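Visitor: Sequence:
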Amino acid sequence: MALDKDKSIILVVDDSPDSIGMINTTLNQAGYTVLVSLNGQQALHIVNQVRPRVVLMDAVMPVMDGFECTREMRRQLPLTPIIFMTGLTDAEHTVKAFEHGGTDYITKPINPGELLARIKSHVNNANMITHARTALDLAKQYILAVNNSGTILWATPETRKLLADQYVEPLSETLRLAPAIREWLKRAELTADLVVQSDWKPISLRYVKSVHSDEHLLRIVGQDVLLDASVLEASLPVTKREAVVLMWVARGKTNREIGAILDLSPRTINKHLEQVYTKIQVDNRAAATSIAIQAMLGMAV
1 MALDKDKSII LVVDDSPDSI GMINTTLNQA GYTVLVSLNG QQALHIVNQV RPRVVLMDAV
61 MPVMDGFECT REMRRQLPLT PIIFMTGLTD AEHTVKAFEH GGTDYITKPI NPGELLARIK
121 SHVNNANMIT HARTALDLAK QYILAVNNSG TILWATPETR KLLADQYVEP LSETLRLAPA
181 IREWLKRAEL TADLVVQSDW KPISLRYVKS VHSDEHLLRI VGQDVLLDAS VLEASLPVTK
241 REAVVLMWVA RGKTNREIGA ILDLSPRTIN KHLEQVYTKI QVDNRAAATS IAIQAMLGMA
301 V
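Using the UniProt record's numbering, you'd call the opening residue of the sequence shown number 1 and step up by one each time.
Heads up, some of the hints might be wrong.
As the list claims (entries may be wrong) - Below, simulated EDC-like cross-link-like pairs (lysine to aspartate or glutamate); rule was C-alpha separation at most 20 Å, straight line:
no. : residue 1 : residue 2
1   : LYS209    : GLU233
2   : LYS108    : GLU257
3   : LYS96     : ASP214
4   : LYS253    : GLU233
5   : LYS209    : GLU242
6   : LYS279    : ASP263
7   : LYS161    : GLU183
8   : LYS271    : GLU257
9   : LYS108    : GLU92
Unchecked claim - Simulated restraints, written as ranges between beta carbons of each label pair:
no. : residue 1 : residue 2 : range
10  : GLU99     : GLY31     : 27 to 37 Å
11  : ILE261    : LYS209    : 32 to 42 Å
12  : ARG71     : ARG256    : 48 to 58 Å
Treat the hints as calculated values from the structure; they're not laboratory data.
None of the values given here were measured: they were computed from a predicted structure.
Glycine is no exception: its CB is placed at the ideal position from the N, C-alpha and C atoms.
Just need the whole structure built from these sequences, with the hints factored in.
Guide: Below is the structure:
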């Protein structure tokens with residue numbers, strides 16, 4: 001079937017012929033292209049081929065209900081509005097719809113005017129988010145979004161490149177970030193940045209805002225802005241020279257590289273580091289880097 005690309009495609013997932021007929025008529029008259037699925041499994045096959053602007057999801061269906069379908073669909077359609085259509089008005093099913101990734105719900109029997117109004121509102125909101133992401137991409141901002149499990153939902157191109165460089169693996173596989181982010185998001189307050197160690201140097205994540213209950217916007221804080229030797233000297237029991245060495249260690253430099261920068265031998269740099277390790281009570285570079293970053297962020301060390 002050839003789809004009219006000038007119209008917004010709406011996927012209706014419902015096993016009731018009467019309900020489908022009424023919704024199809026309403027949406028067609030409003031200028032939408034309608035695709036119909038009779039159960040959750042069929043709906044998942046459809047979204048593998050087509051990206052609808054909105055999904056209207058029945059709650060109770062055979063084969064796969066709307067709740068399970070929505071949870072699976074969210075992996076492919078993180079921004080698409082999914083509006084539940086249900087006659088189940090008790091709080092338990094309403095909460096369940098949102099917990100599984102629903103955007104909104106409307107009760108049956110459906111009022112055509114209300115349905116169109118909700119669709120328009122959610123399409124506008126989705127468009128605003130899309131435009132905002134595009135603006136972030138163009139501005140080369142280090143922004144990413146994660147869910148409550150710490151999984152990365154999306155990221156700007158600059159973020160993808162940074163994570164790929166530091167983790168030496170595709171963004172979709174940066175699973176080492178997830179546990180730390182998940183525990184961080186459980187805190188009552190997110191005023192302090194999260195510092196995560198990577199293969200090359202630490203990554204500092206700052207909480208920006210909640211997009212919705214299961215999507216959180218984060219920003220990677222630039223390390224060059226964070227790392228200041230004078231802050232280390234004031235915050236830690238180290239000398240001025242040791243603070244400078246520790247700063248470059250936290251920036252991922254080797255002893256040889258630090259020696260070249262400071263016009264000192266690698267052996268001298270190593271002696272400074274031994275003193276730093278003793279003073280801040282650590283025994284390796286990774287631990288020293290963590291202490292340095294926390295000190296820069298004003299966190300207790």
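Visitor: All hints, please: hold or fail.
Guide: Right, here's what the structure says about each hint:
1. Using a Cα cut-off of 20 Å, the hinted pair LYS209 and GLU233 is violated, with the two alpha carbons roughly 33 Å apart.
2. Note on LYS108 and GLU257: the hinted pairing is violated, with a Cα-Cα distance of about 68 Å set against a maximum of 20 Å.
3. For a cut-off of 20 Å, the pair hint linking LYS96 to ASP214 stands: about 13 Å separates their Cα positions.
4. Taken as a hint, the LYS253 and GLU233 pair is honoured in the structure, with Cα atoms around 19 Å apart against an allowance of 20 Å.
5. Of the supplied pair hints, the one linking LYS209 and GLU242 is violated, its CA atoms being roughly 37 Å apart against a limit of 20 Å.
6. The straight-line distance between the Cα atoms of LYS279 and ASP263 is roughly 24 Å, outside the 20 Å bound, and the hint therefore fails.
7. Annotation: proposed proximity of LYS161 to GLU183 is violated, straight-line Cα distance about 25 Å (limit 20 Å).
8. For the proposed pair LYS271 and GLU257, the alpha carbon gap of about 15 Å is at most 20 Å, so the pair holds.
9. A C-alpha spacing of about 17 Å is found between LYS108 and GLU92, which places the hinted pair at or below 20 Å, so the restraint holds.
10. The hinted range of 27 to 37 Å is satisfied by GLU99 and GLY31, whose Cβ atoms lie roughly 33 Å apart.
11. One distance hint, 32 to 42 Å for the beta-carbon pair ILE261 and LYS209, holds here, with the actual separation near 38 Å.
12. Hint check: ARG71 to ARG256, Cβ distance near 51 Å, so the stated range 48 to 58 Å holds.
Comparing the model with each numbered hint stated earlier shows that hints 1, 2, 5, 6, 7 do not hold.
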